[in-house]
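Q: As you go down the protein sequences, you meet chains V and Y in turn.
If you read the first sequence in this note's numbering, its first letter stands for residue 15, the second for the next number, and so on.
If you read the second sequence in this note's numbering, its first letter stands for residue 68, the second for the next number, and so on.
Derived by calculation from the structure, the hints in this document are not laboratory data.
Any given hint could turn out to be false.
As the list claims (entries may be wrong) - Computed list of lysine to aspartate or glutamate pairs in EDC-like fashion (alpha-carbon distance at most 20 Å, straight line):
no., chain 1, residue 1, chain 2, residue 2
1, V, Lys326, Y, Glu178
2, V, Lys278, Y, Asp77
3, V, Lys275, Y, Asp77
4, V, Lys278, Y, Glu72
5, V, Lys16, V, Glu178
6, V, Lys381, Y, Glu178
7, V, Lys373, Y, Glu187
8, V, Lys373, V, Asp400
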Amino acid sequence: MKRFGFVDVTLRDAHQCLWGTRMTTAMMTPILEEIDRCGYDTINILGGAVFDVCVRYLHEDPFARVKLLCERLRTPTDALTRGQSLYTFELFPDDVVELNAKVLAKLGIKVFTVYDALNDNRNLESSIKAGREAGMKINGWLTYTLSPVHTDAYYVARAKELVEQKSDILCIKDPTGLLTPERGRSLFSAVVQAAGPIPVQLHSHCQSGLAPEVYQVAIESGFAHGYTASEPLANGASLPATEEIAGRAERLGFKTGMNRKALKRVADYFRWLCVREDKPAGVPAKYDPALYQHQIPGGMISNLRYQLQTMKIEHRLPEILEEAARVRKDLGYPIAVSPFAQYIVTQAVLNVVQGERYKTIPDEVRKYAAGCYGKLAAPISGDFLDRIDLKEKDLVSNRPGENLEPWLPRLRRELPGALDEELLLAAFYDRKLLAPLSKPPPQYSFRTTPLAELAGWLAQRRDIEYARIRFAGTEMTFSS
Amino acid sequence: MASRELSYQDLLKIAEVIRTASHFGEFRLKVGDIEVNVRRANGAQVGSHAPVEPKGEPEQRVLSKTEAPADAPAVHAPMVGTFYRAPAPDAPPFVEAGSKVEPGTVVGIIEVMKLMNQVEAGLSGVVREVLVGNAQSVEHGQPLMLIDPS
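Please take these sequences and the hints and turn them into a complete structure.
A: In structure tokens:
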């Protein structure tokens, strides 16, 4: 019987999309054992935003989280980085990229997933090499977008590059949910064919509401795995629900190996966690045709709307989104993901607010156009080409990582005796930001029950002065 | 109801009742072996339950010490964003009070949605006062520093 497997994103992308990445390690630990029973092939636990939010907002050491989750989970764990940019949007020299791969492997990561937001696979070279040497499986992602240059042939060419780079797994990542079943029918079989014996995965978000249908096409097209989330943290801007996609796969005659009872217990816990933490559960998105025009992710539009409000020009949002579509074309169709989505939006705002296109070109947009971050999908054009005035000497054509001097010798001098994890954190962040990370972690609980949750929840509510719970001969009373 | 453990479904229902039925002062539940009694504090507000986590919001904007006349020669923020006085956290500021500037002199950076935009003085003169602190958010057109033109 044919098989379709699953990669869990509940602990990573799901809360990144629905909770602003604010799921703490303490919220994860009580349900790890149950997630392990679900039958996932891999569990994704790390990505750029998770790493960054751990440091900046949760004041958790992200490497300590990775170590703990890898120790507690028997299912192989997966960590995602942005290739040469690792967890941020700037480029790091090869020595930092290599050390990061080594550290993740040492902490217990089994699948090392890498992507480049420009699909310039040269930006994955050092990660893939170091990841493989450290003993991890390599999962190379192709980032999907809609444009006249991002054709099936374009993706087949990128897939062949990843095959040549000896990826163990390929994956089509659709960060803004732009895939349709129609496009999937042509694109998916083309990529499966290009991948040959290498398994292909799908990672698509639900903004357009079409993702479950798109997953069904992937299953029919010979994909090996789908990335999904526990039902309460699926849908909306997140990924489809494991429960739903497993149902579809099984109806198509595929074996999934998913344990429905365990999945239900995991979903029960997360449904409760939404209430306890006052965070939203995912709701299936309504079909929105505008998404296909400007392609700007929803989170960024709400951020933009807020910024426009402070400038008192909120009414110009539709005009700015229209301009964003034109800017994207002029810029050679960058994919509307971070950081390029910000480039497009900022340039569009400047063009509209200043009443003159490209009067101001931000430094990063200029560097992007010069090739500092990697190859562009299409040449720059239009007013942008006329105004940017790039000099021959500014253009970068080699692999961007080659242009960066090693950092580790300096960091080792500055931090004698530092652990590899400490060196990496120092490479990514200002020392001040890292200070709160040294606080001792809380006592994690690795099991919970509804009764324990009820007691904890009642005890911390300030609107309750007295609560008594009696159960099987024991009695708990809280009183203010 | 037969003796059984409390389920997450029960828990969700209990939480729903306690959160929404604010007009009840007391709540009792018996499920199998489990009995829950809850009494609400007098005048307590529903929804005040969640411990408020400290938010990583940017610092409040500090207003200028000097209220400059609206037409005083100044460098204005060309866009909304976060103003940085130096090219890097450990680097010296681009300019200080007393620094000489030319129209093309970079006097700061405004970060908007992770993009760094250099701010040029736009006129020649001497910086009289820097009105905005490092890493403060600024609005479009807000004066960033006063210039004594030369």
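Q: So which of the earlier hints does this model not fit?
A: 5
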